[in-house]
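Under this note's numbering, the first residue of the sequence shown carries the number 200, and numbering increases by one thereafter.
Derived from the structure by calculation, the hints contain no laboratory data.
All C-beta atoms, glycine included, are put in the ideal place defined by N, C-alpha and C.
Some hints here could point you the wrong way.
[Unchecked claim] Each pair of labels, with its calculated beta carbon distance range:
id, residue 1, residue 2, range
1, L551, A229, 18 to 28 Å
2, A583, P277, 37 to 47 Å
3, R320, R413, 38 to 48 Å
4, R287, R455, 52 to 62 Å
5, W371, A555, 45 to 55 Å
6, V537, C282, 22 to 32 Å
7, A275, T558, 33 to 43 Å
8, I328, V207, 31 to 41 Å
9, R455, A274, 45 to 55 Å
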Amino acid sequence: MLYAVTGVVLARELSQEEFGMVGAVLVFQAFASLLVDSGFSYALIQRKRPSRLDYSTVLWFNLLTAVALYAILFAAAPLIADCFQGDRRLIPLSRVIFLSMILNASAIVQTNRLMKAMDVRMVAASNSIGLVVGGITGIVLAVTGFGAWAVVWQTVATAAVKSLVLWTTSRWRPLARFSWSVLRSYFHIGSRMMLTSFLNTLFLNIYSFVIGNRAGLTSLGYYTQSDKWSKMGIMSITQVLTSSFVPALSAVQDDRQRFAALVSKMNRFTSYIVFPALLGLMLMATPIFHTLFGTKWDASIFLFQLLLLRGVFTVLMSLYNNYLLALGHGSAILRLEVFRDAVAVVALFATLPFIALETPENPVYGLEILLWGQFAATFAAWIATLIVTVRRTGVTFGSFISDALPYIAQTLLIIPLMYLASTMFESAILKLTVEAATLLILYVGGNHIFRSAVQRDVFAYIRGKSL
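Can you build the whole structure from these sequences, using the hints too?
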């Protein structure tokens, strides 16, 4: 909640250009953070019983890599500014915000251990406390006129507090040892997952780079705002739900019958959440933006909706990747990522000449064309990922579709009713309240009437019980 409040305050206080400045720097932050992890955290989760030396080795590797990359990026800050029309304001911004990379590196293994133990509560607690402190920092700096620096220090404070909470609440401490043999043992899965994640990160962030470089920082600001708010829903589902499924899947990886049953259960579980959440947010986009920001960010609304639509398939592909990861099919995941990125490149080049297009009524017309192309690419990648997952897991195509279909159908039936109910009101906040209430009452109430086992599982999971 505070993260959302912070985002609202920052969106009201900062200009589109200032958001664009931070978005430009975060492109490089994303790649650096990925290289820090190197995919070994995925390998740790996939391994049944990692030792204390395993965890310690990965931790020291992550920290050493983070420090080395920070030194390189510190020196490269002027070159980063040159990528965005030579704006020298980006130099000090980047050198400070990159500190969060080292802080986040110190928390990776602690988070990994908790996820391995299916203890998501402390992970959530550390994230929440970090967001509180970072949010307060960002709000204070924003309202006192620090501009883009408010987001920079918010990012650093959040990372620092999250790491501090994890280390002070955990009794685990690393050995003062580093083992190359341990690192090599994780290389098979880790290297493939790192390359997969690198390619995925490349094509999640290349849009910000291209937009900032071709269309300018103001257009990048509009995109950054829509991307930020769409990711709040998409990444929450991806990280909290699907990533916590891997340990449970790994535990039954040798029993294909139990594995298939668990896959079907997780398909239904995720579908129950993702379709009403993301498609419902698409309908509520305009009243959400008008309630929170007035009309300042209207150009971001349709971009936000397109990103949510693409996000439905992004979440599903992440879920399917976890099935493959639990079975040790790192090579298949890598090949799928290469295919996803290939179709994304085709779509990017096809829409590249239009990115900077504007009309008097629509300053982001070219960005809309870009995102339609990326949606088409994501849909094609989802089909390919589903085909490979069916082949590798042994779970039938019909099972995947039938698991999701009831929740798609319910959502599509409810959305027109949400819209009709909201037409009786002019106020944005009343429209939003009516639409959200209609979705909640009809969806949860309908599943309750039909005694949905998945809904009971979801509520149990929220209370802290495992699947």
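Hints, verified against the model:
The hint said 18 to 28 Å for the Cβ distance between L551 and A229, and at roughly 21 Å that hint holds. Between A583 and P277 the C-beta distance comes to about 41 Å, which sits within the given range of 37 to 47 Å. In this structure, R320 and R413 meet the distance hint of 38 to 48 Å, their C-beta atoms being roughly 44 Å apart. The given range of 52 to 62 Å is respected by R287 and R455, whose C-beta atoms sit roughly 59 Å from each other.
With their beta carbons about 51 Å apart, W371 and A555 fall inside the hinted range of 45 to 55 Å. Here the CB-CB span from V537 to C282 is close to 25 Å, well matched to the stated 22 to 32 Å. The hint said 33 to 43 Å for the Cβ distance between A275 and T558, and at roughly 37 Å that hint holds. Checking the proposed 31 to 41 Å range against I328 and V207 shows it is violated: the Cβ atoms sit about 20 Å from each other.
At roughly 51 Å, the beta carbons of R455 and A274 sit within the given window of 45 to 55 Å.
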